[in-house]
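These protein sequence lines are chains A and B, in that order. With the numbering used here as the guide, the letters of the first sequence map in order to residues 8 to 298. With the numbering used here as the guide, the letters of the second sequence map in order to residues 8 to 298.
The hints are simulated quantities; they were obtained by calculation from the structure and are not laboratory data. Accuracy of the hints is not assured; some may be wrong.
The list cannot tell twin chains apart, which means a pair is met if one copy fits it or any two copies do.
[What the hints assert, rightly or not] No more than 27 angstroms apart at the CA atoms, straight line, and that leaves these computed lysine-lysine pairs for DSSO-like:
id : residue 1 : residue 2
1  : Lys155    : Lys240
2  : Lys277    : Lys92
3  : Lys278    : Lys122
4  : Lys155    : Lys219
5  : Lys58     : Lys76
6  : Lys92     : Lys278
7  : Lys155    : Lys167
8  : Lys295    : Lys58
9  : Lys57     : Lys92
10 : Lys219    : Lys295
11 : Lys122    : Lys171
12 : Lys278    : Lys240
13 : Lys103    : Lys45
14 : Lys277    : Lys240
15 : Lys171    : Lys155
16 : Lys92     : Lys104
17 : Lys92     : Lys58
Remember, it's a predicted structure, so these values are computed and weren't measured experimentally.
Number of protein chains: 2
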Amino acid sequence: MRLPYKSTRLSMIVSIIGIGLIGGSMAISLQENGFATKVIGVDAIREHEKKAIRRYLIDEALPLEEAVKGSDIIIVSTPVDVMLKVLPQVLDLVNKKQVVLEVGSTKEHLLTELKSHPNRQRLVATHPMAGTEYSGPEAAIPNLYDGKYTVIVDQEDSAKDAVKIAEDLYRSMNMNITYLGATEHDVHTAYVSHISHISSFALALTVLEKEKNEGRIFELASSGFGSTVRLAKSSPNMWIPIFRQNRDNVMTILDEYISTLSEFRTMLIKKDFDTFYDKIEEANNIRKIIS
Amino acid sequence: MRLPYKSTRLSMIVSIIGIGLIGGSMAISLQENGFATKVIGVDAIREHEKKAIRRYLIDEALPLEEAVKGSDIIIVSTPVDVMLKVLPQVLDLVNKKQVVLEVGSTKEHLLTELKSHPNRQRLVATHPMAGTEYSGPEAAIPNLYDGKYTVIVDQEDSAKDAVKIAEDLYRSMNMNITYLGATEHDVHTAYVSHISHISSFALALTVLEKEKNEGRIFELASSGFGSTVRLAKSSPNMWIPIFRQNRDNVMTILDEYISTLSEFRTMLIKKDFDTFYDKIEEANNIRKIIS
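Extracted from the complex, chain A is given alone in its bound form:
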């Protein structure tokens, strides 16, 4: 049983900049668990703001400056390219009591850009490891974060009180917290998230190309296929900025992935099914890790 979060502050007003899957789902959680007494939304797309109000994700929509000035916590949950522009603006506006959280999938590039900002200490770089293949405020769902991990990145560059509030916020959402440096974070997420998307996009393209020529192929698609291409539904507006900012890590892992696939190819050419068998058994070790 998860009890409602008991805030030690009387009223915690939270602004969420970018009300999509990630920001919108945080809005739901923070309202439901009582951490936020009020949620203000800011989105570049007016239609998103309207949807977010209709769906009760946010209490009101305000222009960026007004929202930031009236909030205790500002969560920036835009695509990572937009963060490069929005975060300096937000940091320019905050005082020494306010806390800014960003929740992007890549860190090194962004945090290097922000390194010398006078209010850098008010920013806590975080990455709640949860999502779906859908995007926009209509994709926001309750309990998206429940029981998952969040990463707090380069915590030593943030003020202690700001980190504490970030930890409180994520714990209120029943998340586990882990700590990484920006470089390490970007390598790890490339392995457990970014390459999965590349693999899925490529698989979808390969099979869609065949479908064009043959048709009827998807009649036979089973749930296994659905599972491996699920991520191929993900939006390029979210993913291209991630691949751009984490390009070097993604390339390294893509090379390793292609090389593993090429080994499989060689085994097929040589009809070396004994080695192939051993490789599959080795891959089965993923059972111990993914339930």
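Let chain A serve as the given structure and place chain B on it in line with the hints.
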């Protein structure tokens, strides 16, 4: 609402040879919908037979010959390499009223081998397109086939009454039926099933290799990663025989897949994110196909 199947025959005794995920789940469905009045199990592993009895998948376990002789329908649901040995034995034993169904993932090799068998007409080659990453009788689940497609392959090589009974059986399980030639079947399943498994095995290996050196990497694994590597839990005992028998098709598609991934790699090298964006948008078309 699905109504219980009304059999036109008073008692339909079904033998299932190979009581794993596929055979065991068929056993559950055929008993629950009333199609089978009795299910006899045959498995090379005695422990599987015992488990299947304990789990009420089968009414009794018998030696192959006895089981075949006492059944109206014999379903062969072993790995596809075992089918090469078992199916001729079963066909040797059946009379002109009995029906043999095989449910393997590859067809061309097997059906070529069986082409000249005097009882070939009693065999209906089928492929119910459903499964999970688990195997063995403990993996058998109700409703695995509900609403999915089954393929009847090379139907013209089977007796009409046998095809009719196969159709009745699959319709009793609420499956849609489609018809393909063996060659076409093997190409299609290579695209919508076999390559997904290769992609997943390779992804699991790539990330497991990294974990060995770095550790802690899986703490961050989100549901997206879990989805793309789910199939990597699948048993080599099932999959190596499939890759062996469908080697040429799998190689062709693996080449196409590697080539798509290499295109992505080139885009990353050139920082050509505009083309990459277009490719992801194209991959998004999978939304129209996979719900």
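A quick look at each hint next to the structure:
1. For a Cα distance limit of 27 angstroms, the shortest separation of Lys155 from Lys240 qualifies both inside one copy, at 22 angstroms, and across copies, at 22 angstroms.
2. When the C-alpha separation of Lys277 and Lys92 is checked against a cutoff of 27 angstroms, the pair qualifies only between copies, where the shortest distance is 24 angstroms, while the shortest distance within a copy is 53 angstroms.
3. In this homomeric assembly, Lys278 and Lys122 come within 27 angstroms of each other (Cα to Cα) only across copies, at 25 angstroms, whereas the closest approach inside a single copy is 54 angstroms.
4. Taking CA atoms no more than 27 angstroms apart as the test, Lys155 paired with Lys219 passes between copies only; the shortest distance there is 23 angstroms, against 39 angstroms inside one copy.
5. Taking CA atoms no more than 27 angstroms apart as the test, Lys58 paired with Lys76 passes inside one copy only; the shortest distance there is 23 angstroms, against 65 angstroms between copies.
6. With identical chains, the CA atoms of Lys92 and Lys278 are at most 27 angstroms apart between copies only, with a shortest distance of 21 angstroms across copies and 54 angstroms within one.
7. Proximity of Lys155 and Lys167 under a CA criterion of 27 angstroms is satisfied intra-copy only: 23 angstroms inside one chain copy versus 55 angstroms between copies.
8. In this assembly of identical chains, the alpha carbons of Lys295 and Lys58 lie at most 27 angstroms apart only when taken from different copies (24 angstroms versus 41 angstroms within one copy).
9. In this homomeric assembly, Lys57 and Lys92 come within 27 angstroms of each other (Cα to Cα) only inside a single copy, at 23 angstroms, whereas the closest approach across copies is 65 angstroms.
10. In this assembly of identical chains, the alpha carbons of Lys219 and Lys295 lie at most 27 angstroms apart only when taken from different copies (14 angstroms versus 39 angstroms within one copy).
11. For a Cα distance limit of 27 angstroms, the shortest separation of Lys122 from Lys171 inside one copy, 20 angstroms, qualifies, whereas the shortest one across copies, 72 angstroms, does not.
12. Taking identical chains as interchangeable, the C-alpha atoms of Lys278 and Lys240 lie at most 27 angstroms apart only when they sit on different chains, with a minimum of 22 angstroms there against 35 angstroms within one chain.
13. Taking the shortest Cα distances, Lys103 and Lys45 sit within 27 angstroms of each other inside one copy (21 angstroms), while across copies they are farther apart (76 angstroms).
14. For the identical chains of this complex, Lys277 and Lys240 are inter-copy neighbours only, at 24 angstroms across copies versus 35 angstroms inside a copy, given an alpha-carbon limit of 27 angstroms.
15. Taking the closest pair of Cα atoms, Lys171 and Lys155 come within 27 angstroms of each other only inside a single copy of the chain (19 angstroms); across copies the shortest separation is 50 angstroms, beyond that limit.
16. Taking the closest pair of Cα atoms, Lys92 and Lys104 come within 27 angstroms of each other only inside a single copy of the chain (22 angstroms); across copies the shortest separation is 75 angstroms, beyond that limit.
17. Proximity of Lys92 and Lys58 under a CA criterion of 27 angstroms is satisfied intra-copy only: 24 angstroms inside one chain copy versus 61 angstroms between copies.
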